[in-house]
Amino acid sequence: MAVSQLIDIYYPTFTIVRVNSNHPHSIIVLSAYYRHKKTRAMDDNLSQLVDEFLIRLIQEGKHEAFAEIVNRHSKRFYNIAYRLIFAKDDAEDIVQEAFLKLWEKRLSWNQSKEAKFTTWFYKVVVNLCLDYNRKKKPEPLTEDTQLVDRQQGQEVLLQERQKQIMFDRSIQELPERQQLALNLCFYEGLSNQEAAEIIGVNLKALQSLIMRAKITLKERVKQYSD
Amino acid sequence: MMDVKQFKENLLLYGADMHQWPEELKKAGLKVLERSPEIQVLLKEHEHFERLLKARRYEEPANNLAERIISASRQQKAPFSPGSFISALLNEFHLPNPALAALSAVIILVLVIGFVIGFSNPLGSSVSTAQEETSLQAFLYDEGDII
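Chains A and B, in that order, give the protein sequences. Using the numbering used here, the first residue of the first sequence is number 106, and each one after it goes up by one. Using the numbering used here, the first residue of the second sequence is number 1216, and each one after it goes up by one.
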C-alpha cells in the first residue's frame, strides 16, 4: 500500500510509532498531527465537501467548516421547524439552538452510528420542535379565522383566506407523528425510508401515517368546500 | 392490473406527480389512467388537494439567520470537561475501520509487553559495585592472567 494511501486512510490524524533500535527499551510513540496536502486545497473549497467530512473538520475545531454547514443547511432546517411550530422567530431560535448544540457538543456525533448528517440533524431539530410544542399552550383561534368582513369585493378573498387558515389549523391538529410524516415527505421531499428513520418507525408504519394524514386533510377540505 | 383502490393508495403515498412513483407502479398507474375516467377524476382531485397543501402559510427566515448562528457560535466557548478531553483524545486516534483498530491495539500490546520485559529484572536489583567489578574482571581476563 502506498504511503499516500495510508495517509488518506489515517487522515485527519496520522499516528507514527517509531521504535529506536539502538535502545530496545526506549520506544518513542509519536502522535503527530498530520495535515494531508489535499486538505489544504479542500480548506479553500469547503463547499465541495460532503457533510460528513465537514463534521469531521468541525470535530477538529474548524470553525470554517461549521460556517459552511450552517450556510448550507440553515434554511432547510428552518423550513421543517417553521412547519412544525408555525412561528417564524421561534423556528429561527430553534434552528440556532440546534446548530449551537452541534458546535458545542461536536465530539458527540458518532459517524459510525449516524449514517447521514442531515438525517441525524433532522432528528435534533424535530425533537426540539416537539418539546417546544409540548410546552406551548394551545393558541385560541386568531381574529383572522373568525373574520367576516362583508365589504363588497373582498368577500371572496376573505373566504379563501379563511379556508387557508382553517386548513393550516387542520394540519396543526393532526396527531404529532402524522404531522411529522407529512412535513418530512411532502414538504421536505425526503424519501419514505429517511422519514421513517427520523420519526423512528418502520417503512410500513410511515406509509400508514402519511395516508392517514392525507385522508384526514382531504375530508376537512371537503367540509370547508361544502 | 391496478384497481381504483390501489391507485388511490398510491396517490396518497407518492403524490399526484406520477413520475415520482416507483417504476413498476408508475407503469401500471399510467396504463390504468389512460383507460379509466374515474381514475382521471381522482388524479385531478388529488392535484387540487396538493395545490392546497402547497399554498400553506409560510414565512421566509430572516436573511441573516446563518450569519447570526455563526456569530453566536464564535462567542461560545466549549467548556472543558474530562469527558470531552478523553473524547478528543480518542478522536485524535480515530481509526477508519475495526481491522485497523485491532491491528493498532495488537501493536500497542506488543510494545507494552516489551516495556514490561525490558524493565523487569528477574535476578533482583541489588548488585554491588564490587560484584560488578569482579564479574567485569572475570569477563575481561582469564584465570591466571597477570593484571
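Simulated from the structure, these hints should not be mistaken for laboratory data. Predicted model, so just to flag it, every value in this text is computed and none were measured. By construction, the Cβ of each residue, glycine as well, lies at the ideal position given by its N, Cα and C atoms. Misleading hints may appear alongside valid ones.
As the list claims (entries may be wrong) - Below, a sample of chain A positions facing chain B; criterion: calculated Cβ distance under 10 Å: (1) Lys193; (2) Asp194; (3) Ala196; (4) Glu209.
Said to hold, decoys possible - Just a sample of chain A residues kept apart from chain B, beta carbon distances all over 10 Å, derived: (5) Val155; (6) Phe158; (7) Tyr187; (8) Arg188; (9) Val200; (10) Gln201; (11) Trp225; (12) Leu233; (13) Lys241; (14) Leu263; (15) Pro280; (16) Gln298; (17) Glu299; (18) Gln328.
As the list claims (entries may be wrong) - With the C-beta cut set under 10 Å, the calculated list includes, among others, these residues of chain B facing chain A: (19) Asp1218; (20) Gln1221; (21) Leu1226; (22) Lys1241; (23) Ala1243; (24) Leu1267; (25) Ala1270; (26) Glu1274; (27) Ile1284; (28) Ala1287; (29) Leu1324.
The hints, checked one at a time:
1. Lys193: Holds, about 4 Å.
2. Asp194: holds, 9 Å
3. Ala196: Where the cut-off is 10 Å and the nearest Cβ of chain B is about 7 Å from Ala196 (chain A), the hint holds.
4. Glu209: holds, 6 Å
5. Val155: Non-interface label on Val155 (chain A) holds, nearest chain B Cβ at 16 Å vs cutoff 10 Å.
6. Phe158: Given a closest Cβ separation of 13 Å, the condition holds.
7. Tyr187: Non-interface label on Tyr187 (chain A) violated, nearest chain B Cβ at 7 Å vs cutoff 10 Å.
8. Arg188: violated, 8 Å
9. Val200: violated, 7 Å
10. Gln201: violated, 5 Å
11. Trp225: holds, 17 Å
12. Leu233: Non-interface label on Leu233 (chain A) holds, nearest chain B Cβ at 14 Å vs cutoff 10 Å.
13. Lys241: holds, 17 Å
14. Leu263: holds, 15 Å
15. Pro280: Non-interface label stands for Pro280 (chain A): nearest chain B Cβ at 16 Å, farther than 10 Å.
16. Gln298: Nearest chain B Cβ is 12 Å from Gln298 (chain A), so the label holds.
17. Glu299: holds, 15 Å
18. Gln328: holds, 13 Å
19. Asp1218: violated, 16 Å
20. Gln1221: violated, 12 Å
21. Leu1226: Since the shortest Cβ distance to chain A is 9 Å, the answer is holds.
22. Lys1241: violated, 16 Å
23. Ala1243: violated, 18 Å
24. Leu1267: Holds - the Cβ of Leu1267 (chain B) comes within 10 Å of chain A, reaching about 6 Å at its closest.
25. Ala1270: holds, 6 Å
26. Glu1274: The hint holds - Glu1274 (chain B) has a Cβ within 10 Å of chain A, the shortest such distance being about 4 Å.
27. Ile1284: Holds, because the Cβ-Cβ distance from Ile1284 (chain B) to chain A comes to roughly 5 Å (cut-off 10 Å).
28. Ala1287: Constraint on Ala1287 (chain B) satisfied, holds at 6 Å.
29. Leu1324: Leu1324 (chain B) check fails; min Cβ-Cβ to chain A is 12 Å, beyond 10 Å.
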